[in-house]
Amino acid sequence: MELKEVRIPAEIYEKIEERIKETEFESVDEYVTYVLREVLASLEEEEEQVFSEEEEEKVKERLRALGYLD
Amino acid sequence: MRVFVIGLDSAPPELLFNEFDLPNIRRLLRKSIYGPMKSCVPAITIPAWMCMATGKTPGELGLYGFRHRKGNSYDEIWIAHSLMVKEKAVWDYAGERGLKSVVLGVPPSYPPKKIRGWMVGCFITPDASTNYTYPPELKREIERVVGDYIFDVVFRKENREEVREKIWEMTEKRFELVRYLLETKDWDFFEFVEIGLDRVHHAFWKFFDENHHLHEPNSPFKNVIPDYYRLLDREIGKTLKLLDEDTAVLIVSDHGIKRMKGCFAVNQWLIEEGLLKADLNGIKPGTKLESVEVRWKDTIAWAWGGYYARIFINVRGRERRGVVRMSEYDKVRDEIAEMIRSIRGPNGEKWNTKVFYPEEIYPVAKGDKPDMMVYFDDLYWRSAGTLGWETNYLLENDTGPDDAVHSEYGVFALHKPDIEESKHVQCTIYDFAPTVLNLLGLSDVAETLRGNVIG
Chain V
1 MELKEVRIPA EIYEKIEERI KETEFESVDE YVTYVLREVL ASLEEEEEQV
51 FSEEEEEKVK ERLRALGYLD
Chain F
71 MRVFVIGLDS APPELLFNEF DLPNIRRLLR KSIYGPMKSC VPAITIPAWM
121 CMATGKTPGE LGLYGFRHRK GNSYDEIWIA HSLMVKEKAV WDYAGERGLK
171 SVVLGVPPSY PPKKIRGWMV GCFITPDAST NYTYPPELKR EIERVVGDYI
221 FDVVFRKENR EEVREKIWEM TEKRFELVRY LLETKDWDFF EFVEIGLDRV
271 HHAFWKFFDE NHHLHEPNSP FKNVIPDYYR LLDREIGKTL KLLDEDTAVL
321 IVSDHGIKRM KGCFAVNQWL IEEGLLKADL NGIKPGTKLE SVEVRWKDTI
371 AWAWGGYYAR IFINVRGRER RGVVRMSEYD KVRDEIAEMI RSIRGPNGEK
421 WNTKVFYPEE IYPVAKGDKP DMMVYFDDLY WRSAGTLGWE TNYLLENDTG
471 PDDAVHSEYG VFALHKPDIE ESKHVQCTIY DFAPTVLNLL GLSDVAETLR
521 GNVIG
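The listed protein sequences correspond, in order, to chains V and F. Going letter by letter, the first sequence gives residues 1 to 70 in our numbering. Going letter by letter, the second sequence gives residues 71 to 525 in our numbering.
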């Protein structure tokens, strides 16, 4: 996986360092990547709301019966 | 020049060009440039039809199948739909120049997009009670012309007689609607996709193909596939009569089809190799991975089944309980890929298995991509994601009757007024968009796409 550098204020960096003590995150990089991914995913999710819950279930059931979701 | 596109989902060159008595299609081919058309990777209905329409790769579209992971989740998915296609399709480019299009059932086309022209939803439309047309008023016209419109027929049922009847009804209605739109709308570009051919292939292949391992020689269904091709030929013949001589006609498919040799239980294999840790005690054959307890903290990789397999690596900092360090990602992935390529068949025979890394095969790999995409034995072996089987090699599909798998080559045929003799061509799915744009007089746009103009 190709990695690139970004710069963040020292103050935020230190806050994260503090925050990840005794968590599964081994580095600030890992934590920052994780948080950014979550944020981006939630933004994309907003665009994705096309099917109502009931419709989505209907479509999933059909696609499963058609062999696309095995 | 007006352009009319007949899309036949899963039509393989071997059958459409050479088999059966298909007078109307053959007549068209005699004055066409035609040949096999290489599909995208993965060779699946979604994304293939949109790769064709946009000239872009699955990576550029960020579409790798019908479902995708939601933000690196282990179990949440989103289903592909039309709004996830952000790239312009040929009808969008045409619309910018004032040309009008009819787009009917080109997957994914639900929800229908606002285009310069008319759009009708494809088979991912939840049902006919939704707004499945653009403009919305078109729906009433459809109901008036064909009654209850049929988007798709679920084929994985034991009652095959019912499946056959329903597919015939669906296809007849579709062509009736095509002819209605063709005659009443003022279009420059027209494309429709008939999904029935794919459903017929999957549901009836073993009755038709003598080489299929479950072939039933004297089944009452042995002629369903040939009969369906003849139905298509008649309907296409009736439709072509309504077009004037100055219209270019294309016949295309998104991928081909071939006999399924079996299903390979990929998650079961990953467990055997120690890459996936899950509690399998007391589970029934066919249990889904989501239904068992996976020990994610000890899991390196897991997979999704389907016509092709998607493999995901459990990456630290990416997956919630990831274990593979980013610095080891490339090494781990290469090792797993090598293990996958060395998998042999049930009798120790060599397989022609292909492993693809998304960021290597596309100019860019957007969206929720898998870490690897796998064609087991060049797609002859479907990938089963389910667990609890006695063997990793299943002779029947794990999720309901299905006899066929996809093949990489679909069809391309282009007939236009100045073609007097047939000519053979080999092309790729990426050549479709520039070819159509060129016919519509948009050669400047055609030049910006990667594919070649045919003809």
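Source of the hints: derived by calculation from the structure; they are not laboratory data. Where hints are given, some of them may not hold.
[Said to hold, decoys possible] Beyond 10 Å from chain V on every Cβ pair, some chain F residues (computed):
| no. | residue |
| --- | --- |
| 1 | P83 |
| 2 | F136 |
| 3 | G141 |
| 4 | D197 |
| 5 | D222 |
| 6 | V362 |
| 7 | M396 |
| 8 | R411 |
[Said to hold, decoys possible] Here are the simulated lysine-lysine pairs, DSS-like style, with alpha carbons at most 30 Å apart:
| no. | chain 1 | residue 1 | chain 2 | residue 2 |
| --- | --- | --- | --- | --- |
| 9 | F | K354 | V | K60 |
| 10 | V | K60 | F | K108 |
| 11 | F | K308 | V | K58 |
| 12 | V | K58 | F | K209 |
| 13 | F | K183 | F | K156 |
| 14 | F | K255 | V | K60 |
| 15 | V | K21 | F | K236 |
| 16 | F | K108 | F | K292 |
| 17 | F | K158 | V | K58 |
| 18 | F | K358 | F | K227 |
| 19 | V | K60 | F | K308 |
| 20 | F | K401 | V | K60 |
| 21 | F | K227 | V | K58 |
| 22 | V | K58 | F | K401 |
| 23 | V | K21 | F | K292 |
| 24 | F | K420 | F | K367 |
| 25 | F | K255 | F | K292 |
| 26 | F | K347 | F | K308 |
| 27 | V | K4 | F | K243 |
Glycine included, C-beta positions come from ideal geometry on N, C-alpha and C.
Exercise for the section: List in ascending order the numbers of the hints, as given earlier, that are violated by the structure. Expected result: Result: hints 2, 3, 4, 5, 7, 11, 14, 15, 19, 20, 22, 23, 24, 25, 26, 27 break, sorted rising.
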